[in-house]
Amino acid sequence: EPEVTQTPSHQVTQMGQEVILRCVPISNHLYFYWYRQILGQKVEFLVSFYNNEISEKSEIFDDQFSVERPDGSNFTLKIRSTKLEDSAMYFCASSLYSGEETQYFGPGTRLLVL
Amino acid sequence: GQSLEQPSEVTAVEGAIVQINCTYQTSGFYGLSWYQQHDGGAPTFLSYNALDGLEETGRFSSFLSRSDSYGYLLLQELQMKDSASYFCAVTSGSGNTGKLIFGQGTTLQVKP
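Chains as they are written, first to last, in our numbering: chain A, 1 to 114; chain B, 1 to 112.
Simulated from the structure, these hints should not be mistaken for lab results. Warning: the hint list may mix true and false statements.
As the list claims (entries may be wrong) - Straight-line alpha carbon distances no greater than 30 Å define the calculated DSS-like cross-link-like pairs of lysine-lysine that follow:
#1 Lys57(A) x Lys83(A)
#2 Lys57(A) x Lys42(A)
#3 Lys83(A) x Lys42(A)
#4 Lys81(B) x Lys42(A)
#5 Lys111(B) x Lys81(B)
#6 Lys42(A) x Lys111(B)
Starting from the given sequences, assemble the full structure and let the hints guide the process.
Structure, rendered in structure tokens:
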């Protein structure tokens, strides 16, 4: 069964450093998303992406965040200057259609900012 | 604002039936989904309701009442492996971009 993959599984970084989280969505999917989950809390929407542009973003997704689909398979989330409060699990998800009832989530990248 | 309310914890025994309720207040409602998450794992899709009524998928069923902004997930014949967190999530947004707004999650503990 096709699945969303994410790398790395864990990332430790120093405050102020840049990190890039990578995702490979399901190959025929057209809509891509990033969510984050701070330990013990709910999953929070960050951004949705379609046709090589952001279709919607949340208040969390400020200027330090950016997304890119550099080629036909990867979807990346960059955090330019990490803060302590960016420590969380970051999930990538994809769906075939917008508002598709099923979004498939990747296993996540656990980011720890020290 | 947008908010979803669900109980924080539910405990039940193997073989029992449990219902997890979710009430929501969001803009641009398109549908209500349920996701399961085991410790440290990815949310896994369980069910989706766009219209009022009951959807059944094996041991799991989900219900939606749009007029009441209410839904529930029903788990039957509980098994130990059903111990997990369950999140309701609303597909929301101004242009149906697929944005999911999640509730805080309900931790289900299944006891022998």
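We went through each hint and held it up to the structure:
1. Lys57(A) x Lys83(A): The hint holds at about 19 Å.
2. Lys57(A) x Lys42(A): The hint holds at about 17 Å.
3. Lys83(A) x Lys42(A): holds, 20 Å
4. Lys81(B) x Lys42(A): holds, 21 Å
5. Lys111(B) x Lys81(B): It holds: about 10 Å lies between the C-alpha atoms, which stays within 30 Å.
6. Lys42(A) x Lys111(B): holds, 24 Å
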